[in-house]
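For the record, the sequence lines run as chains V and L. Per our numbering, the first sequence starts with residue 1, numbered consecutively. Per our numbering, the second sequence starts with residue 1, numbered consecutively.
Any given hint could be a false lead.
Remember, identical chains collapse to one label, so a pair may be satisfied in a single copy or spanning two.
[What the hints assert, rightly or not] Straight-line C-alpha distance at most 20 Å; calculated EDC-like pairs for lysine to aspartate or glutamate:
{"no.": "1", "residue 1": "LYS57", "residue 2": "GLU355"}
{"no.": "2", "residue 1": "LYS57", "residue 2": "ASP343"}
{"no.": "3", "residue 1": "LYS57", "residue 2": "GLU37"}
{"no.": "4", "residue 1": "LYS57", "residue 2": "GLU106"}
Treat the hints as calculated values from the structure; they're not laboratory data. Just so it is clear, the structure is predicted and the values come from calculations on it, not from any experiment.
There are 2 protein chains.
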Amino acid sequence: MVSPSSVDDLEAERLARLTLSLVFEPGDPRAAKLCAEVGARELVDRLRSDRAAADIKTDAGTRLPYVQPERDLERAAVMGLRFVIPDDPEWPAWLDGLAAAPPLAERGGVPLGLWVRGRRRLDEVGRALAIVGSRAATTYGTDTAARIAGTVAQGGWSVISGGAYGVDQAAHRGSMGVGGTTVAVMAHGLDRTYPAGHVDLVDAIAERGLVVSELAPGSAPTRIRFLARNRLIAAFAQGSVVVEAKVRSGALNTANWTGRLHRPVMGVPGPVTSAFSAGVHALLRTGAATLVTSGEEVLEVVGRVGEHMLAEPRAPERARDRLTVRLQQVLDAVPIGRPTSTDGVARTAGIGIVEARRGLDKLEQHGLVSSADGGWRLTDAALTH
Amino acid sequence: MVSPSSVDDLEAERLARLTLSLVFEPGDPRAAKLCAEVGARELVDRLRSDRAAADIKTDAGTRLPYVQPERDLERAAVMGLRFVIPDDPEWPAWLDGLAAAPPLAERGGVPLGLWVRGRRRLDEVGRALAIVGSRAATTYGTDTAARIAGTVAQGGWSVISGGAYGVDQAAHRGSMGVGGTTVAVMAHGLDRTYPAGHVDLVDAIAERGLVVSELAPGSAPTRIRFLARNRLIAAFAQGSVVVEAKVRSGALNTANWTGRLHRPVMGVPGPVTSAFSAGVHALLRTGAATLVTSGEEVLEVVGRVGEHMLAEPRAPERARDRLTVRLQQVLDAVPIGRPTSTDGVARTAGIGIVEARRGLDKLEQHGLVSSADGGWRLTDAALTH
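Put together the whole structure using the sequences plus the hints.
Written as structure tokens, this is what we have:
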């Protein structure tokens, strides 16, 4: 990559990268690779002067005569959109991890640039988690996504998702509900909103966080654009949480990208009777994902060592639980009904009378037995615990 | 262990082992170890003649004067119960795995003998799976336990459980419902039934399978007897499935025993909002258990290689899924509305016109586009898939 020595250089680089992003489908690994090898401006020159390899030249030739990057930038600025490139100070370094990840479904590579809507800088996103899942999620899925998003947001983590119905929407809302930063990565141009019903949600995200896309204004979403987009959701985050996913779900593609970036994939289990959890269960079964049940557990997986110390879930400790097995054996030998002699307790417990007596004395100190009425009996405390 | 050379020897061994099992609490690892080292009859002699180590002699001394093994055997025979020992031909070899497993909660070791109710031989149990979980299970838990039990039973596997309410009961019933063999391992004497409401269930199990206990008739269940019993549930099975369990649940003790026997532990996930799945999720999170969602998956985990081949869950394949990414790219470029020229498709797809035309021809063969009315359009098949 050629480092720009002036503002003019930076803007020339921006126009070249925008040109390439208008010519190639997002996530075309050939474009990213050539751009990294020879630089964006040289690649545009080669394509224009017929010096590029046959396959890429043929593909680029169909769109190259029609692109108008300057006009696109002007129009986008009016809509509050900017096109950010790797040479810009706000470019987040962690996206460059995509350069080393092998392609998936023929998509891959560092994006040529990113269209951004929102006042915050891209690198302000900081530590972030992707929370993804079904559009047609159940209320279990959306409730769980919102709860996890709220917890990680309170822990200072941004939440990345795809701005869709279902889990995506719940994740964005869960983050914003506690004042967190959230980023929606879209598979279409930011001059429009899909689904149309999400205009208010996307406006709110742009207000407090960021809306991002590889695609220029005017671009419609397609299947391969969703596949390309998923790698960006994964790359923006230090780990991904799949909340609900059927066995064929785009969320699993995002999880796959997270694995390719060597970042942790997490999955939220659900009822085995729910088709919306079947895709997550498959991830967990193969070991591709770690099971998480709460935002605290998510932070434990991605957090720095010791930063998010998590106590394993425990039931409240009962007096009985503090007893040794031998003392338990003595306690079990004290009948519920009529009082019994020390000898009777020893025989029932199957231990010597001296140890039995010592045990009964200790149990009396714990308030679990009493020796009134000429024999040993369980106390109310022992019976209710 | 002394191998008996005659029927008299076998019966002397049986009486000695019964004596020891009446003197020591079940799963006392000292008794199992000494019995394996010096033989049951020699150990009884040593306890009777004061030649045993002080700790074990003191414990044994409280009960030894009162035991009446011959009388117990006679009375039990009337009730249809037999006391089976390792020298009996029906002793299942796989219980001996307990000899090498380290104690847990001070319980452990091969049982001295087993009380059995039922007409089948102990070793007829054959390949078996333990299915365990909460007594107070939800309907999700009991439905899932019954379904998994039914599937593994149809696969020829016996189902082992503890005869309790909830998951245990559902597992036994699920097995019997498809004509499977099931074994209930109890923590009390087989002259009685806990819970009392399970008389019919336990009768049915004894009729078609087996009811088993380490404890002599007349013995009540206690906490440490449940802990000792759990190791037998694990030892009878080639693997354990935990269906629902709170974070402090006896089912987790059974899972722990299964791990100590180096046999697979499996866990059924559930909603993260259910306390009854929290114990299972903890097992899955630590990697102590493998996630399973069906009986087929259970069989895949425990089955011999290739015996239970399991196809990963898949959604039905659609015509689009068979397309290459490049063909998909062409298909995505064909608009839903008015027909478009090949040149238009090529420009929208961002690929050369020659390849675009070749792609459109292939898509027409697949029935996804048609070239009527002077241009390309999507077919109904493409729109509905």
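Here is how each hint holds up against the structure:
Proximity of LYS57 to GLU355 under the C-alpha cut-off of 20 Å is restricted to the inter-copy arrangement: shortest distance 13 Å between copies versus 90 Å within a copy. For the homomeric pair LYS57 and ASP343, the shortest alpha-carbon distance between copies (16 Å) is at most 20 Å, but the shortest distance inside one copy (97 Å) is not. With identical chains, the CA atoms of LYS57 and GLU37 are at most 20 Å apart within one copy only, with a shortest distance of 16 Å there and 83 Å across copies. In this assembly of identical chains, the alpha carbons of LYS57 and GLU106 lie at most 20 Å apart only when taken from the same copy (18 Å versus 75 Å across copies).
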